[in-house]
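*Asks:* Here are the chains, one letter per residue:
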Amino acid sequence: MAETLLQLSGISKTYPGVRALDDVNLRVDRGEVLGLIGENGAGKSTLMRVLGGVIAPSEGVIRIGGIDHAQMTVSEATRCGIAFVHQELNLFENLDVAANVFIGREQLTGGPLKLVDNAKMRARVTPLLERLGADFTPDTLVDNLSIAERQMVEIAKALSIDARVIIMDEPTSSLTISETERLLEVIADLKAHGISVIYISHRLGEIMSCADRVVVLRDGRTVGELARDELSHAAMIRLMIGRDLKALYTPPKQPPQPGGCDIAGVVTTAFPDRRIDLSVRRGEILGLAGLVGAGRTSLARAMFGVDPLLGGEIRIDNTAVEVASPRDAIRQGIYLVPEDRKRSGLVLELPIRENVTLASLLDYARMWLVDGAAERKIAKDQARNLSIKAPSIDTEAVTLSGGNQQKVVLGKWLSMQPRVMFFDEPTRGIDVGAKSEIYALMRELADQGVAIVMISSDMEEVIGVSDRVAVMHEGSISGMLERAQFSEYNVLRLAMGQELETRAPEAKEAAAP
Amino acid sequence: MMKKELGLLLLLVVIFAITGAINPAFLSVVNLLNLANLIGLFGVFALGEGLVIITGGIDLSLGSMFALLGVIFVDLLTTYQVPWPLALLLVLLGGLALGGIQGFLITRLKMQPFIVTLCGLLIYRGAARYYTSDSTRGFGYGDEAATLSNIASGNVAGIPNTFIFLIILALILGVLLHRSVYGRWLYAVGKNEEAARFSGINTNIVIATAYIISGGLAGVSTVMFVFYTNSVSPSSFGNFYELYAIAAAVLGGCSLRGGEGSILGIVLGTALLQVLQNLVNILGIPNSLNFAVMGTVILIGVLADQQLQARRRRKAALAGLARTAPKPTLAQGKPTTAPRGAAALSAATDEQT
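Here the protein sequences come in this chain order: Z and G. First residue of the first sequence? That's 1 in my numbering, and the numbers climb one at a time after it. First residue of the second sequence? That's 1001 in my numbering, and the numbers climb one at a time after it.
Same shape as in the complex, but just chain Z:
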């Protein structure tokens, strides 16, 4: 029996209205690779942040090396030998490798002058890089390194603090195949030196090849554990799915009408070697599912003219349209409700009224002078139709709740004539009541003949709201699901890049309309 290095018992984390972690138990043995999997939002990242001391758990005990902690600070976690290799790398590009490895713990010289001893730091980093088989030197500027090389720097940093557990969160999401293989070799080497690795990934193939044991999270709970010899794609996916999906679905009033938006062979900047073909009819809500980073947001940005289109054609109602800027897109009736509403959707410091009319102000102006009365009228109409809860239309958007902010973004577009609307994670960070209001609004829009594409990482939303679901995997559409085929299992298989099983889909819980 291997020595237990780390034991999490009964960890819970509650945010107002949300239970992000619920009685999670997790054990890591010395020198083992623990695979940690789960859907988007299952709580993996939250759990790892608890372990890294970034957030404090509401309940539970973290036991490391026989000592119990109710919570940890980042420096305690570091001292206990827990190191992170971040999903978004946390390196200073303007500094060299050695400086990054020793950031915050710089080796000093010159006594009271406290000068940084670059030579000493570089000398100490060199053997670490050799051990990782890296072919760059400690004085290389991080700016000049590839993503894979930067990861090596992160791992070197972990080794330099004598880490006993290294947490890798989606480490291969931007690596090439050979770089991935190289990383897996490094992991095997770490393991041989008695260092444990918690490996978080959506790529089940990698989990299969490197994990000694897999723990599955779902809705903030540990729902299962698979030993090395129990590992299979099907077994892992089955454990990841299976939560209760509430019946959200409202069928359209009429079948989808011809026309709508056709995306033919579109190439986005995020995946220049992939082509996307997708069609959404008027009156239809098309769910766009996939893992984070599968290229869904890039597609929406390209469609809205934010990012350049590298190829392909966009047709609306069978007419090709040119979309070189958001202005063009808006003129064509293509609107985007962006993922980050505070940054891209709203000017937070402006009142509701000015946000609603921001995109269409010229329609409420005569000779470029704003017609205040017309503007107030349209803003009031939108506030009433969308039941935006605010003292008045002159309330600044910053003081509104997430749901009401999102409604202001919607109000901006609904005051115009949408033909195709992209919703990118429309209900993220929004409370349940406002969620269902937004779903109802989307359905209403569809029934008015708008073609709707809803990007969502929330399985309940994807299955419960969409008329059809397209799934993206690494930059292209990996499959289409009709309502009869809707199931968490099928969506997840496609999202992981696997074929649908040919036998009858397990779609009972999704229920046909």
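Please note that the accuracy of each hint is not assured.
Quick list of in silico lysine-lysine cross-link-like pairs, DSS-like style, CA-CA up to 25 Å [what the hints assert, rightly or not]: (1) G/K1315 with G/K1003; (2) G/K1315 with Z/K389; (3) Z/K342 with Z/K389; (4) G/K1110 with Z/K342; (5) Z/K389 with Z/K377; (6) Z/K435 with Z/K389; (7) Z/K253 with Z/K191; (8) Z/K380 with Z/K435; (9) Z/K342 with G/K1315.
If you are wondering where the hints come from, they were derived from the structure by calculation, not from laboratory data.
With chain Z fixed as given, assemble chain G onto it according to the hints.
*Replies:* Using the frame of chain Z, we list chain G on its own:
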């Protein structure tokens, strides 16, 4: 809702009262008219600077523009005997063109406003000095542009024309900034360029236009200053004037982070600045302390304003919490990272000049 402007006005009145009480000469008609003239001269280009600052940028090149456009203007009238309407037009176009070039570099080539306009400051000054071989240009005893001179430096019923120009320009720009579609876009771009772009606003054109307007107003100011001093010494004409403009805009409520400020505020800021200088003279404070007094007042003014903003924002946040659902959301918990409040903005956009 224009608390900031009201506060400035109050401050002006208090300074007037105190200074007038100490030295009644301050309130004499001669002194007040002189003050009005200076406010007019320094207000016009401060308005342009204000627009640029609202975009989140800065224009450091104004003083040097005065020198370059000034020597060209005098030369056109004296050496080349160009009719004054044409000379005036050429100088205005020159200002617009310089603003346009700076706007292009900033928006299209994505250079930082500070760098572009700092280089403008150096280049225009150098060009002016080279062009004249560092010699002062002035009008002879002939009256090359008597009509224009009368317009630029004359008065109507005793009120200096420069001051009247400023009021007219402020009214026009007030409508542009606070009532027009362009003004709304300017604030939106200054506050959140990305959201503005996501709303289909051509942010590049909006920003470049602000620099072009600033350049054009610099052209107007050039003509006014030329007839104020009657000569242009290329190495000192307009030196540091851009800093007066920035100071006036900041004092008047513009935030260097963009998105905040009003025309009335900028005019009041200019007035306050000129009053302070005048006060230094009148009260017999050593002239050498002039800048120090200005700096201190701006520092205290902006600090006080920031504290008031923070307090107002805390109140608003608390009110927001009490008003909405029991569970706090992120937006209400920590209202904004911007140091200056949303309250100020709506105050600025709602006010009328």
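*Asks:* If a hint holds in the structure, say so; if it does not, say that too.
*Replies:* Here is how each hint holds up against the structure:
A C-alpha spacing of about 16 Å is found between G/K1315 and G/K1003, which places the hinted pair at or below 25 Å, so the restraint holds. Between G/K1315 and Z/K389 the CA atoms are separated by roughly 19 Å; this keeps the pair inside 25 Å, and the hint holds. Restraint check for Z/K342 and Z/K389: the C-alpha separation of about 18 Å stays at or below 25 Å, so the hint holds. Using a Cα cut-off of 25 Å, the hinted pair G/K1110 and Z/K342 holds, with the two alpha carbons roughly 24 Å apart.
This hinted pair checks out: Z/K389 and Z/K377 have alpha carbons roughly 17 Å apart, not beyond 25 Å. About 14 Å separates the Cα atoms of Z/K435 and Z/K389, which keeps this hinted pair within 25 Å; it holds. Of the pairs offered as hints, the one joining Z/K253 and Z/K191 is violated, with about 58 Å between alpha carbons and a cut-off of 25 Å exceeded. Under the criterion of a C-alpha separation no larger than 25 Å, the hint pairing Z/K380 with Z/K435 is consistent with the structure, at around 22 Å.
Among the hinted pairs, Z/K342 with G/K1315 is consistent with the structure: their alpha-carbon atoms are about 22 Å apart, no more than 25 Å.
Checked against the numbered hints given earlier, the structure breaks only hint 7 and satisfies all the rest.
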